[in-house]
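Colleague: Residue numbers (this note's numbering), protein chains in the order written: chain W, 1 to 182; chain A, 1 to 182; chain Y, 1 to 182; chain U, 1 to 444; chain P, 1 to 444; chain G, 1 to 444.
Each hint should be verified, as a subset may be incorrect.
Computed footprint of chain Y on chain A; a stretch qualifies when at least three of its residues, placed anywhere within it, have a C-beta under 8 Å from a C-beta of chain Y [said to hold, decoys possible]: (1) 28–42; (2) 107–118; (3) 147–153; (4) 160–166.
These are calculated hints, taken from the structure and not from any lab test. Given the structure is predicted, the values throughout are model-derived calculations rather than measurements. Backbone N, C-alpha and C define an ideal beta-carbon position, used for all residues, glycine too.
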Amino acid sequence: MASTVEKTSAVAGQPVDRETHFEIERFLVREARLLDQERLHEWLELLTPDIRYLLPVNEIRYRDDTAPIGTATGTHIFDEDYRQLEMRVNRMDTKLVWFEDPKNIARRLITNIDAEWTDVPGEADVYSTFLVYRNRRQRDETWLVGAREDRLRLTDTGWRLARRNILLDQRVVLDKNLHLMM
Amino acid sequence: MASTVEKTSAVAGQPVDRETHFEIERFLVREARLLDQERLHEWLELLTPDIRYLLPVNEIRYRDDTAPIGTATGTHIFDEDYRQLEMRVNRMDTKLVWFEDPKNIARRLITNIDAEWTDVPGEADVYSTFLVYRNRRQRDETWLVGAREDRLRLTDTGWRLARRNILLDQRVVLDKNLHLMM
Amino acid sequence: MASTVEKTSAVAGQPVDRETHFEIERFLVREARLLDQERLHEWLELLTPDIRYLLPVNEIRYRDDTAPIGTATGTHIFDEDYRQLEMRVNRMDTKLVWFEDPKNIARRLITNIDAEWTDVPGEADVYSTFLVYRNRRQRDETWLVGAREDRLRLTDTGWRLARRNILLDQRVVLDKNLHLMM
Amino acid sequence: MRPVDELILEDGAYQHRTLFWDEEIYERELQQIFARAWLFLTHESLIPNPGDYNTTRMGEDNVIVIRQDDGSIGAFINSCRHRGNTVCHADAGNTRRFTCTYHGWSYGRNGDLVGVPYENEAFFGKLDKSQFGLRPVAQVASYKGLVFGTFDPQAPSLETYLGDMRWYLDAFLDVPGGVELIGPPMKSILNCNWKTPTENFGGDDYHFGWTHAAGVAVIGGPLQMLSGNAELPPDVGFQVGSKYGHIFGFIENGAPALQLHEEWRAAYAAWIEQRMPIMVEKFGPTRARFYGGHWNASIFPNCSFLYGTNTFKVWQPRGPRALEVYTWTLVEKEMSAQLKEIMHRSNAATFGTAGMLESDDGENFEECTRNNRGYVSRQDYYYTGMGQGHEGPHPEMPGIVSEVLMAETGIRNFYRYWARMINGDDWSRIAVPATSPLTKVRVA
Amino acid sequence: MRPVDELILEDGAYQHRTLFWDEEIYERELQQIFARAWLFLTHESLIPNPGDYNTTRMGEDNVIVIRQDDGSIGAFINSCRHRGNTVCHADAGNTRRFTCTYHGWSYGRNGDLVGVPYENEAFFGKLDKSQFGLRPVAQVASYKGLVFGTFDPQAPSLETYLGDMRWYLDAFLDVPGGVELIGPPMKSILNCNWKTPTENFGGDDYHFGWTHAAGVAVIGGPLQMLSGNAELPPDVGFQVGSKYGHIFGFIENGAPALQLHEEWRAAYAAWIEQRMPIMVEKFGPTRARFYGGHWNASIFPNCSFLYGTNTFKVWQPRGPRALEVYTWTLVEKEMSAQLKEIMHRSNAATFGTAGMLESDDGENFEECTRNNRGYVSRQDYYYTGMGQGHEGPHPEMPGIVSEVLMAETGIRNFYRYWARMINGDDWSRIAVPATSPLTKVRVA
Amino acid sequence: MRPVDELILEDGAYQHRTLFWDEEIYERELQQIFARAWLFLTHESLIPNPGDYNTTRMGEDNVIVIRQDDGSIGAFINSCRHRGNTVCHADAGNTRRFTCTYHGWSYGRNGDLVGVPYENEAFFGKLDKSQFGLRPVAQVASYKGLVFGTFDPQAPSLETYLGDMRWYLDAFLDVPGGVELIGPPMKSILNCNWKTPTENFGGDDYHFGWTHAAGVAVIGGPLQMLSGNAELPPDVGFQVGSKYGHIFGFIENGAPALQLHEEWRAAYAAWIEQRMPIMVEKFGPTRARFYGGHWNASIFPNCSFLYGTNTFKVWQPRGPRALEVYTWTLVEKEMSAQLKEIMHRSNAATFGTAGMLESDDGENFEECTRNNRGYVSRQDYYYTGMGQGHEGPHPEMPGIVSEVLMAETGIRNFYRYWARMINGDDWSRIAVPATSPLTKVRVA
Ligand code: FES
Ligand code: FES
Ligand code: FES
Ligand SMILES: [Fe+3]
Ligand SMILES: [Fe+3]
Ligand SMILES: [Fe+3]
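Just chain W, same shape as in the assembly:
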């Protein structure tokens, strides 16, 4: 693990060095695996206390349309802080979530990782794309494709997720819910 000092010497807006890229790649791959394995409390440990976890609705507008209309302040399917994410994890612990029993299978394929330093020492903006697949009951399938704009922070205990903006490439979510973390 490269030291924080080393990192902070990096230049904002510059791609991270190869070693840092490898660390970040490891972080995202293991995060995905923890979620696939439903190790949710370990997943919470990868988040910073000030995490912001977002998934905005893709409203469809014409290209020449700039002015927002009506009261629209924007809608997010996920607009969560640490407390809300923790609530979701605790909810699973109640064992009363019928939708998840028998256990659903979910698999997160993470690709196109691209990272660059920010002007905050030890923080990197990390882009990645994903294919999330869910299979449940006899033969229900969910296919989700999109990208994530993450802010990763290097702490004394390693990289942590400080912000995630999920770009889910759908207008109409083609399933009954998004009951899974991306």
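Using the hints, position chains A, Y, U, P and G with the ligands against chain W.
Modeller: Frame of chain W, contents of chains A, Y, U, P and G with the ligands only:
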């Protein structure tokens, strides 16, 4: 190629170093490409003589259900040793496999590679996820998503596959067969 | 960035070194991101003036069928040079492409990158696989899987794409068009 | 398709399972219900200025809802009169014209065909453009901000159609400053028949404690005790079925119950407390109670909302076995930006597409439809007899009112009116009070 | 849908192609065949103890098969009587109750409705729970471990239904200790009509050498010579069609032929040799032969197995053009763990989802259905006249027996009974011996 | 399905929207149109030698088109006569036999059943193989290289069927050396009804300037001014409707207009100039004009091409709401390899699967179908009255000819013949000149 000595100095349960990770990534990418290109005999060369190749059925049980019932000893869709895999390759050589003529297109996308040393010197446990796509005849499609738990062994001639456990994320396989290696 | 000299000392047919592999991986990931973001003029800058951009039709023939029949000289869905690609980009600039307004979402997941040196100094043959997903209007989806055989050239301003042969794994293209770059 | 009096039995207590599967019945629903009833389109607050528009669906028909230059609201079928192409592909926007991408015909805000390429050269100036405006929705009206439309020129006025339901609705629609919807709506799908979520959101308090056992357990608050049906809710409530098939259910003092955190509930409770005197003065103590309670309600046929939570949904049918859900957040215009934000986030986290409670409901709804795939299963009836005989007219409140909170009173009412509509009854016959002829008794 | 006597011609030798495409015919099949015939549910060995259950399908209906406290077996439709939700989502397990996730109604092992939330508060104690138990399968019975069920209370007993077929089945079901199925089953799909694999596995030895040319070539063994139809199989065999449409085909001494490796075949052969004296004593030389041979068989309408190989399959219909395949391994209870393992692995490698022979069959089946998409193609008939006139009653063996191994005797028999069932014939008429009235001659 | 005279009104100017949605109408189309009309199969140049074959579709039927040993061309349904399996899975190839992968029956180039495994052992030599050849297409014929087939033995000859259209077609088919198609064809799908692209490619110059505004803007050339309907095209043109429903549209001097680059257009223009004298001599000045112009044309029911561009397409129906597009490049045999390459690449870049103009059209076509999902929308009519009253017989040119380029003359003609065919009219009645009885006037 890092020497075996170097490897065996690694600590069990620890993630492999960056160089080794690169080697393993190359191995899995090239293995996938050999299969896509139907270079099956070259693929066999990547296997150890004691390979175990498995794909278990995902029986659906409630979370609180521990006791196995009935005679169920577990069922595997693939439960193969080297001899069985070789038989499959030889079968293709007969040119009598109508299902594969005209040739089927198959593409294996390998992602989320994660590797760590085992307590066996020179052997690593390697996790990876996959999307396998098959397209055949005019417009038949097969979409398979899942993960693989591999045991890779570093031999004098390089890395070899010693064990593969395929986690196919389906209960009902949504096609007429799984006539392809994953 | 490794110097051209260094590269040209490489051996034809040999896999590229780890550093070069990293550079090529960065190149392909950023190229995909530019296309996803519709930054088409920046994308054009990644191409060499002599680029050849191809996507052949997968005609289905029996394995024992060698002789081409009829007048078939082969058909390409894309058979483009720089000028044609530039025309496509300029067409988007007219703002008269109704099909792309409101903007379509497209996401390119690039995987299985494999690169080796060619006998041309500073040029590498790069193989990669892809999943391209398009989502438009309320809920139209396009799913494309395949591989790309690229020729990359290292220039004074970095890597450039000199040739791309797209292997789209479909006989019948399962959508109304392929109005996107892969 | 069986005769209607074999589809709905015993005053709506039994529904034949083909209602939730059969293609022929669905075609009849499109014709007799979705082409006749008043359907929710949008909220005035979402298209405040001339040219502001939303696109949505009425049954399976795509429509544009657009603010006219005179401030009124018009709605038109989103299909060109020439070859049928879609004339607007956006969810929302502001425009003077909709120009078809095929041959360039263009239509004004009022649907008139105003532009035709080569009108002289190709049509020799003889095209009667007045014959080719966008097909208008027959009637469009707004009730205190909620905009509805119907394809049936004979349909009674929106006020008449909402009927008794207005007596309940006013108790929050008439709050000072009125209400608004926060958009854009989330959109997702459900592989279930459109009637199932309508009955559930309208009149099914019975499922709450069990289906949502996990969610209420972690959210806490006054309803936490309901988790796993541990206890009955703290305060009483009731269900109502009103004319034209609308459903209303009420839980005393429950309004803030499903706001996500303790202090968020406190903030909302404080707002209600501050407003309450005005409401009491306006509506008297009985109706003012509604303002502080939690509602489940459905406006026939496919518009539902939970006042308090504050989710607002339309179940857009897509064949007999699927639908699209549109979800907005319902707030009072005069609430502070922070309070609106609290409600918008709470709605997303409970009944939004990734909502904790939404994910509890979806599979139940879907399985109630999908099990009808079975030929033998499909020959059976579903049952909603809960509270039958323990409901009736009420001294103070209109409609048929149940004695207790847990009752399927509103659901039976919904199916009685469904039967009248599907039958093709004339609007005058549909209007007669909801004691129905569907008394045929089921033989098990 | 054409009249039945135009669908099946010349004693079953011609089948109109709409049988393998038409929605209306399929609806009739669900009603007249899958809602009346005995359908395979599970094997007793898979649910040995009280509360052990499997879920499966009967036609398109989801059912639960569960061991009762008294050791008997019950089967119930897996759909709540309230709003229809699924009450069990698992493939298998053990339970005292099935509790619905929607409103919490719970049902006992015997299907009785035993728990209703707020029974007093909401139903005022007046709900007659006895009216709302899970819908039972009308008859459930076991034949030497194989458990079947029928939705038709009028259906003849399972023993009567299996009829002559029992004379053949006993020759391995009555092995000392009996047989069992190894699960969990593999499940996969086929985009073909359900009748095609049933006829194929039941009575189509004719396809073996060509369809499976590659597989038998590399597996080797006694059937290797069949690869590419190089030669006829070493020993003779025959086909049988029996009452109620069952099919049976037999190859002498073939039992171990498709075990994967030489020594595996040897191990199985040794087992048979060791057992044979007991079987001879029990069944006499003629029937004991069956024990050492290889069988293909289908129990009408959709259950097939290959004795010897030892694959056991159910073809669960899903519309007229698709099905789900469930695949178990069939073994003798008293076989050693190693021998069972050999058979389980050989089955997976031959007729499992990734089996080498399974992959040979699937596309053939699918194309036989999919080509009926063509309107002109669909107006034609399929033909199975092989061996017509070279079959009949046999001195020793029941049913209609072919003179030679390669014959479509059983397939014609299957379609004759299909015609009687689809016709809605009364069970008494279906029972009369299988010389059929379907003699209308086809005009090409 | 409504009576035909309510589906098509006012001489073809109105088409009921169910034509582009309804399953029952589609079934009738398969029966009355695709099982009777001449359908495009392939071009002779694509199967020059004995045994060369292409596979394609006629309606929803899969067929093999194969060059016979005597140089003639045969076509057969690609489905085995035994159980229906596909006998050829390739797009193209050369073979002596088609051997079924199921039981190994094999068929010769002429469709005869020539090989049956175990013919003696299993059929006792009594199988009448002559009864089980591949089902032949009733008539197959070639018109100057274009190969068509019909399932109807009663259909008039191909020459008769093409009728007046030949007078136009000859103007490029009779070029010295003739024409050829470059394959393999691209294949893609469109979720639209098959009639929409047929009418569009045949007779819709009106959409060009608007739908393709962007493409023509960047390609430049003589049609650039059409971008956004800025101006009328430089030279005049016209539309034609001919007997049996064929459509033809013409733009003067437009042939090279859509070749991709200036010098490519120049190269093609030079070729035409060089050829023109021959054509003038052969056809006289009027028809020779066609050789230098740009054509849009559709041969009833589903074959379209653009002469000049030079794209050649077949719209293979796949249900009422989808189709598969096959796209070839049309060139003159005697053109240089470079010029053929220019045209092949230009075709791919304009109307190929990734073509710039193809992508403009696709969504328009799809939306014209998809909006009929709406029940209310579907009760309406589409309108193509452009140029009505400004068309008629022409002194020099056969068929009904429009006065100006922008006219829906050919489209109305297409729907008049569609109505006659769908009606099941006898071929003799269909043949009478195209002044139709469909004069019922629409009541808005
Ligand atoms: S379809 Fe809209 S202008 Fe022609
Ligand atoms: S649906 Fe099962 S309890 Fe209500
Ligand atoms: S189906 Fe072709 S040979 Fe049997
Ligand atoms: Fe709920
Ligand atoms: Fe087989
Ligand atoms: Fe066009």
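Colleague: Next, verify each hint and record whether it holds.
Modeller: Consistency of the hints with the structure:
no., hint, result
1, 28–42, "holds (count 5)"
2, 107–118, "holds (count 5)"
3, 147–153, "violated (count 0)"
4, 160–166, "violated (count 0)"
In this structure, the hints that do not hold are numbers 3 and 4, in rising order.
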